[in-house]
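Engineer: Work out the full structure, taking the sequences as your base and the hints as a guide.
Protein sequence lines, in the order shown, are assigned to chains U and A.
Using the numbering used here, the letters of the first sequence correspond one by one to residues 1 to 485.
Using the numbering used here, the letters of the second sequence correspond one by one to residues 1 to 270.
Heads up, a few of these hints could be off.
[Claimed, not checked] Straight line, CA to CA, 27 Å or less: simulated DSSO-like cross-link-like pairs of lysine-lysine:
1. K442/U - K465/U
2. K442/U - K263/A
3. K465/U - K226/A
4. K442/U - K46/A
5. K412/U - K200/A
[Claimed, not checked] Pairwise CB distance ranges, derived in the manner of DEER restraints:
6. K226/A - T37/U: 29 to 37 Å
7. R365/U - P148/A: 53 to 61 Å
8. P264/A - S183/U: 55 to 63 Å
9. S44/U - E190/A: 20 to 28 Å
Derived from the structure by calculation, the hints contain no laboratory data.
For every residue, glycine included, the Cβ atom is placed at its ideal position computed from N, Cα and C.
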Amino acid sequence: MTSVSSGKSFHDDAAAALQNPSLQAALDKAGAGFLATRSRAFASIENAQALCEAAERVRTRAVHDMADLLLLFEQRARAQGVSVHWAETAEQARSIVLALCAGKRRIVKGKSMASEEIELNEALLQAGAEVVETDLGEYIVQLAEEIPSHIIAPAVHKTRAQIDALFRHHHGGRKTPEGRVRSSQTLVEEARRIIRKKFLRAEVGITGTNMLIAERGAALLLTNEGNGDLSAIMAERHIVLAGIERIVASEKDAAAVLRVLARSATGQSLGTYVSLYGGTGRGTDGTEKPRKDMHVVLLDNGRSAMHGGPWHDMLRCIRCGACLNHCPVYTSVGGHAYGWVYSGPMGKVLSPLLAEAGTDARLKRRVAALPHASSFCGRCVEVCPVGIPLTSLMRKLRNRHFERPQGIKGWKTRLGCLGVRLLFAHPRLYRSLLALALRLLKLAARGKGHVGRVAWLPGIGGWTKTRDLPVNRSARAAITLLDDV
Amino acid sequence: MTERTPSKVAVPIAVPIAVLATCLADALRPETVRATCTLLARLSSKRKPPALPKRQTCCGQILYNAGDRKGAASQALRVIDLFEPFQAVVVPSGSCAGMLKRHYPQLLAGTPHARRAQAFARKSWELTEFLHLFRPRTQQPETQHKPPDKSLPPLTWHDSCSCLRECKSSTSCARSLLAARGVRLHEASEREVCCGFGGKFSIANSAVSTSMADDKLARLQQSGAKLVASADLGCLLHLAGRARRRALPLSFVHIAELLVEQKPLPTIGA
Ligand code: SF4
Chain U
1 MTSVSSGKSF HDDAAAALQN PSLQAALDKA GAGFLATRSR AFASIENAQA LCEAAERVRT
61 RAVHDMADLL LLFEQRARAQ GVSVHWAETA EQARSIVLAL CAGKRRIVKG KSMASEEIEL
121 NEALLQAGAE VVETDLGEYI VQLAEEIPSH IIAPAVHKTR AQIDALFRHH HGGRKTPEGR
181 VRSSQTLVEE ARRIIRKKFL RAEVGITGTN MLIAERGAAL LLTNEGNGDL SAIMAERHIV
241 LAGIERIVAS EKDAAAVLRV LARSATGQSL GTYVSLYGGT GRGTDGTEKP RKDMHVVLLD
301 NGRSAMHGGP WHDMLRCIRC GACLNHCPVY TSVGGHAYGW VYSGPMGKVL SPLLAEAGTD
361 ARLKRRVAAL PHASSFCGRC VEVCPVGIPL TSLMRKLRNR HFERPQGIKG WKTRLGCLGV
421 RLLFAHPRLY RSLLALALRL LKLAARGKGH VGRVAWLPGI GGWTKTRDLP VNRSARAAIT
481 LLDDV
Chain A
1 MTERTPSKVA VPIAVPIAVL ATCLADALRP ETVRATCTLL ARLSSKRKPP ALPKRQTCCG
61 QILYNAGDRK GAASQALRVI DLFEPFQAVV VPSGSCAGML KRHYPQLLAG TPHARRAQAF
121 ARKSWELTEF LHLFRPRTQQ PETQHKPPDK SLPPLTWHDS CSCLRECKSS TSCARSLLAA
181 RGVRLHEASE REVCCGFGGK FSIANSAVST SMADDKLARL QQSGAKLVAS ADLGCLLHLA
241 GRARRRALPL SFVHIAELLV EQKPLPTIGA
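Structural biologist: See below:
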């Protein structure tokens with residue numbers, strides 16, 4: 001059901017995305033808004049830097065102690081009557097959830113990137129259940145049979161007109177006259193009416209979580225629409241799906257992360273709803289009562305393999321989406337070009353690593369090239385609130401490709417580099433070849449009738465397709481030319 | 001590494017300095033290298049031009065970004081061997097200076113050359129940082145700026161990502177050098193956004209790179225400028241090449257050539 005992407009590569013999908021006018025309109029509209037609200041949110045507090053550093057420390061410690069904290073979480077959660085399930089792979093996680101949903105037909109879901117990662121909806125639908133996404137953005141992409149294009153704003157790639165048309169198609173009702181698009185408020189109300197009914201009839205609610213709090217044995221969820229709470233509360237059974245790196249030690253630690261999470265994500269100081277789900281809840285009479293049936297599925301799917309290795313830092317990620325919003329590549333092409341649920345700079349690191357743990361060979365190939373699609377401008381590193389060195393991690397992934405080349409492109413890069421190494425090791429050979437190349441370049445420029453530039457050149461077609469190449473008129477390298485300065 | 005903030009001292013330089021031309025300027029824009037040498041010669045008490053070692057090729061960034069860490073490390077060592085005898089290495093590019101200052105120490109960490117790499121990083125300079133720190137006394141304090149140079153077209157400044165994020169003082173050094181040269185900048189918006197060059201990225205991801213260039217060019221034009229200056233030739237060739245293809249009324253110049261005050265002003269690809 002979830003169409004990952006149409007093309008074979010980031011390259012093709014990105015090029016197509018740039019030619020897609022409604023996508024470009026949607027991205028333009030969203031882009032500036034995200035940046036402005038975020039910078040206002042951080043500018044309005046005095047100690048922004050200190051808050052980010054505190055969150056980074058908390059996350060660093062939590063990731064370091066991940067194994068112990070997860071065991072503590074399990075123990076504390078079980079003590080309250082919550083079932084904890086461990087899933088090493090996406091496959092295992094799917095079968096655990098399927099087993100928990102056996103015999104149930106009506107399922108509501110809060111936003112969960114982990115569930116997108118394991119393609120849970122598809123599995124549930126195949127098992128004959130009805131699954132409804134209840135986060136508005138997720139609901140929209142579900143209707144459109146797409147995957148989220150942003151970890152915080154899943155439907156950011158859609159224009160209001162597209163959403164209107166989608167709702168008309170699925171919800172029925174009268175056609176609006178040509179060229180008229182209903183207001184956002186009308187659209188939201190319509191979706192809310194429909195989703196409310198689903199909540200009332202739901203048998204199972206599935207949510208993600210922002211943090212698992214080890215000492216409390218509880219899961220924390222931050223939402224703006226309140227749909228997370230309704231998903232968790234209305235149905236008999238509540239399943240929380242959590243990547244194992246979501247763990248933090250204590251409520252105090254969770255608070256340190258919360259102070260930057262919403263600010264960094266949407267520019268809000270906190271987010272509308274912060275909910276904590278454990279095995280008990282306070283009844284109307286004020287006493288602690290056991291909550292209904294709650295399950296936590298702990299998903300590894302490649303995460304523990306990252307622990308302690310070259311990609312360890314990536315586990316700190318709090319999924320705020322700031323690196324996406326500030327990435328000039330992401331804001332040009334949107335999330336779908338990245339081929340999977342994680343996009344932008346964090347996706348360029350995370351997707352290849354997680355896909356490796358899975359069995360989907362096509363996906364693995366598709367996302368393997370992502371670390372190469374960066375100009376290394378470094379803005380993501382600058383904005384990441386928990387200090388993840390995203391560009392260094394991408395570079396390390398490139399190193400690994402170089403060491404173990406795959407496909408024609410991989411070998412081409414490797415051979416190219418070996419050739420360059422050879423030239424660097426022999427400066428005189430480098431000089432002679434450069435002199436020859438410069439003479440040829442000048443000839444090429446003259447051939448086109450423009451002495452100052454080359455409009456086409458084999459080998460660098462990627463450049464000359466869209467840009468001229470200003471040439472060196474003297475056709476001599478500076479080092480040779482200035483020899484006698 | 002901590003950032004060196006340029007101090008207010010001006011010392012006429014007597015120390016032997018060398019220029020790392022960068023492979024791009026060496027091959028495609030010798031004028032930039034010549035201007036760099038002229039500017040540095042003017043700083044020296046005897047107008048002595050800096051050394052331009054003949055055996056130099058490239059800082060190795062091309063290998064580093066392609067994932068060839070080993071190749072980049074041996075090139076780093078080669079550059080250090082060649083330039084180590086000098087007291088300062090000046091580079092007319094934020095990106096290559098960033099390579100020397102930030103990435104060499106990382107590349108050679110844990111090898112017998114780790115300390116050499118760190119010492120080398122400390123004496124490597126992006127051109128505008130160096131020019132600003134050692135600018136002649138006549139250009140200080142800042143108030144003694146030249147009157148506006150009316151011969152120049154309206155000018156804007158493009159901060160390269162490496163100047164912004166790896167040689168962090170460059171952006172203010174360049175602006176203050178320009179002010180001293182009598183340039184009043186028409187600042188563009190969203191200056192912290194990448195122009196899309198990124199070396200091999202500009203070829204391998206041509207479509208995205210070009211779209212980023214178009215976004216950048218639009219903002220540069222909105223500033224009202226007709227001339228764009230920068231400290232990085234990579235960005236300039238990319239933007240100039242794109243502007244030329246689209247026949248936009250913008251020209252481009254490397255800051256070294258602008259500061260030399262040669263007339264008529266040499267622009268890229270003109
Ligand atoms: S990598 Fe950093 S900026 Fe990007 S989503 Fe994760 S925490 Fe946020």
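Engineer: Between S44/U and E190/A, does the C-beta distance stay in 20 to 28 Å?
Structural biologist: holds, 21 Å
Engineer: Do P264/A and S183/U keep their Cβ atoms within the hinted range of 55 to 63 Å?
Structural biologist: Taking Cβ atoms as reference, P264/A and S183/U lie about 57 Å apart, which means the hint holds.
Engineer: Compare the distance between the alpha carbons of K442/U and K263/A with 27 Å, and conclude whether the hinted pair is satisfied.
Structural biologist: holds, 25 Å
Engineer: Cβ-Cβ distance between R365/U and P148/A: within 53 to 61 Å?
Structural biologist: Given range 53 to 61 Å: holds, Cβ gap about 57 Å.
Engineer: Does K200/A lie within 27 Å of K412/U when you go C-alpha to C-alpha?
Structural biologist: holds, 13 Å
Engineer: Is K465/U within 27 Å of K226/A, Cα to Cα?
Structural biologist: Status holds; Cα separation ~25 Å.
Engineer: Please verify whether K442/U and K46/A have alpha carbons no more than 27 Å apart.
Structural biologist: Violated, at roughly 37 Å.
Engineer: Verify the proposed pairing of K442/U with K465/U, using a straight-line Cα cut of 27 Å.
Structural biologist: holds, 19 Å
Engineer: Quick check: does the Cβ-Cβ distance between K226/A and T37/U fall within 29 to 37 Å?
Structural biologist: Holds: the Cβ-Cβ distance is about 35 Å, inside 29 to 37 Å.
Consistency with the previously given hints fails for number 4 only.
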